[in-house]
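Participant: Please assemble the complex out of the two chains, which come individually in their own frames, going by the hints.
One-letter residues, chain by chain:
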Amino acid sequence: MRKRAESDAETYGYILNPSQKFLKALIEGLKRNEERYGYPSCPCRLASGIFEHDKDIICPCEYRDPDVEEFGACYCALYVREDREKDGIQVQQVPERRPLNKQQRAYNITVGDKTKTSTSTSTFSQESLDIKLRLHYCKQCGYVVFREDPPYTCPICKAKKMFAEIKTVTTLHGL
Amino acid sequence: MKIVKVSGKNNKHRVLVYALSTCPWCRLTKQFLKDSEIEYEYVDVDFCVEEDMNKIRKHIFNLGGKLTYPVIIIDDKILINGFRREQIKEVLGL
Ligand code: SF4
Numbered sequence: 000m001r002k003r004a005e006s007d008a009e010t011y012g013y014i015l016n017p018s019q020k021f022l023k024a025l026i027e028g029l030k031r032n033e034e035r036y037g038y039p040s041c042p043c044r045l046a047s048g049i050f051e052h053d054k055d056i057i058c059p060c061e062y063r064d065p066d067v068e069e070f071g072a073c074y075c076a077l078y079v080r081e082d083r084e085k086d087g088i089q090v091q092q093v094p095e096r097r098p099l100n101k102q103q104r105a106y107n108i109t110v111g112d113k114t115k116t117s118t119s120t121s122t123f124s125q126e127s128l129d130i131k132l133r134l135h136y137c138k139q140c141g142y143v144v145f146r147e148d149p150p151y152t153c154p155i156c157k158a159k160k161m162f163a164e165i166k167t168v169t170t171l172h173g174l
Numbered sequence: 258m259k260i261v262k263v264s265g266k267n268n269k270h271r272v273l274v275y276a277l278s279t280c281p282w283c284r285l286t287k288q289f290l291k292d293s294e295i296e297y298e299y300v301d302v303d304f305c306v307e308e309d310m311n312k313i314r315k316h317i318f319n320l321g322g323k324l325t326y327p328v329i330i331i332d333d334k335i336l337i338n339g340f341r342r343e344q345i346k347e348v349l350g351l
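Protein chains in written order, with the working numbering: chain F, 0 to 174; chain V, 258 to 351.
Excised from the complex, chain V in its bound form (with noise of 0.2 Å):
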């Protein structure tokens, strides 16, 4: 699974994207990030294999999400469904 690291100045917390490489949420939800100069990593699930898939929809099921993308991920506790600014910022403290 191809994991990409986005540095930021802000790495209090642990965040991670699962996107889709199509989707321009996932999209904004990237760029609110890097413009929060929040560090995160995120995987564009379309371009995994299937086992890799089935992996991401354990991690997301398990968390209690749904399959509903971006799914933002903090602290592998708090998972966001879909690019919800205001909720991303009051869980980052922003």
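Looking at chain F on its own, in the form it has when it is part of the complex (with noise of 0.2 Å):
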């Protein structure tokens, strides 16, 4: 787990917390939920134990790139920028980007019995709870990505915020 943090945090730049003690407690925690859930979602938010509705904050989390780009650490401070200063720990915890209707569709579902809980505090319409899944493209690189969210960085050439959504229209001729 946490060689997979280092290779990663190196392919994009980062560093990891300089902190051994916080940094080992972090990876501890993505361990003991891979164990329960399956998937290392993040420590440091609650999971569904359902995949599709964790997927967005499975580690790395969609939330890191913009996250340490505006306060030079990921929400848990796993991943940190390579300027900031070198106790992890006085890093503050960043405020919660992940979008609300992404917490609403995930809490809203009980773990087991997959059923709708009754005490919802939903303000959301379905629509927005829905997941949509769809294609979308990198400008400067061309990778391609059929998700809900594009990745903010793309992980092929690096690129930040360049993805684009491709329409895809089939028309059927001559039926």
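Hints are computed from structural coordinates only; laboratory data are not their basis. One or more of the hints may lead you astray.
Claimed, not checked - Here are some of the chain V residues that sit facing chain F, going by a computed Cβ distance under 8 Å:
{"no.": "1", "residue": "262"}
{"no.": "2", "residue": "314"}
{"no.": "3", "residue": "322"}
{"no.": "4", "residue": "339"}
To be verified - Below, simulated EDC-like cross-link-like pairs (lysine to aspartate or glutamate); rule was C-alpha separation at most 20 Å, straight line:
{"no.": "5", "chain 1": "F", "residue 1": "30", "chain 2": "V", "residue 2": "301"}
{"no.": "6", "chain 1": "V", "residue 1": "323", "chain 2": "F", "residue 2": "95"}
{"no.": "7", "chain 1": "V", "residue 1": "323", "chain 2": "F", "residue 2": "55"}
{"no.": "8", "chain 1": "V", "residue 1": "291", "chain 2": "V", "residue 2": "301"}
{"no.": "9", "chain 1": "V", "residue 1": "315", "chain 2": "F", "residue 2": "95"}
{"no.": "10", "chain 1": "V", "residue 1": "287", "chain 2": "F", "residue 2": "27"}
{"no.": "11", "chain 1": "V", "residue 1": "346", "chain 2": "V", "residue 2": "294"}
Glycine residues also receive a C-beta, built at the ideal position from the N, C-alpha and C atoms.
Facilitator: Quick look at the structure:
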């Protein structure tokens, strides 16, 4: 787990939290989540246990790159920008970037029987809670992803905010 | 719901922490309260059953909070989202 994080940090030009104690706790948390959910969901967020709803918070989460860019660290402060002060614990916990509709969607689901709970405080329409997968392409290198939201940083060419949606139209002629 | 009580000399306020067992920020919060000799209770939300999770969410929303852990609730009135040392100190008069 640690090696994976190290190599990922290197790829993206980040460092791991310089406080060894803090880092160890994060890696342990990731391991524990992998054991209980089957995937290493974010140790600082509550996973639903349902893969489709937790996808965006599987480490490295979808919010890491914009958080590191804006605040110098990801939400958990596992990944830190190199120019940050050396003591990672001094890094303040950054605000949650995960959209509310995704939280709502994840937490409305009961792990186990997968039914919606009645105590929902939902303020979102069903439509905003649906998972809509779309095709997106990187305008710089052409890499194509089929996901709900495009990645912030292109995993291939590392361009930021370069994804555009591909509007697919299928027209059947001559039928 | 398993509520764990941690005793401390300073029990002027009723302090409740909703935490995640895997989250180092939650750990820091617990450690900070312990080091400051604050008496507090905590619940590791990730170990709760869904029914209790719903109760906890309701509690947090009722106090105007977000689902960002740790959630520190003081005297069932003031809610602090995240480990904000200075804010906690201020509210607890440390
Ligand atoms: S916030 Fe950091 S540790 Fe948590 S999932 Fe995102 S990248 Fe991983």
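Participant: Which numbered hints turn out to be false for this structure?
Facilitator: Going through the list in order, the structure violates hints 1, 3 and respects the others.
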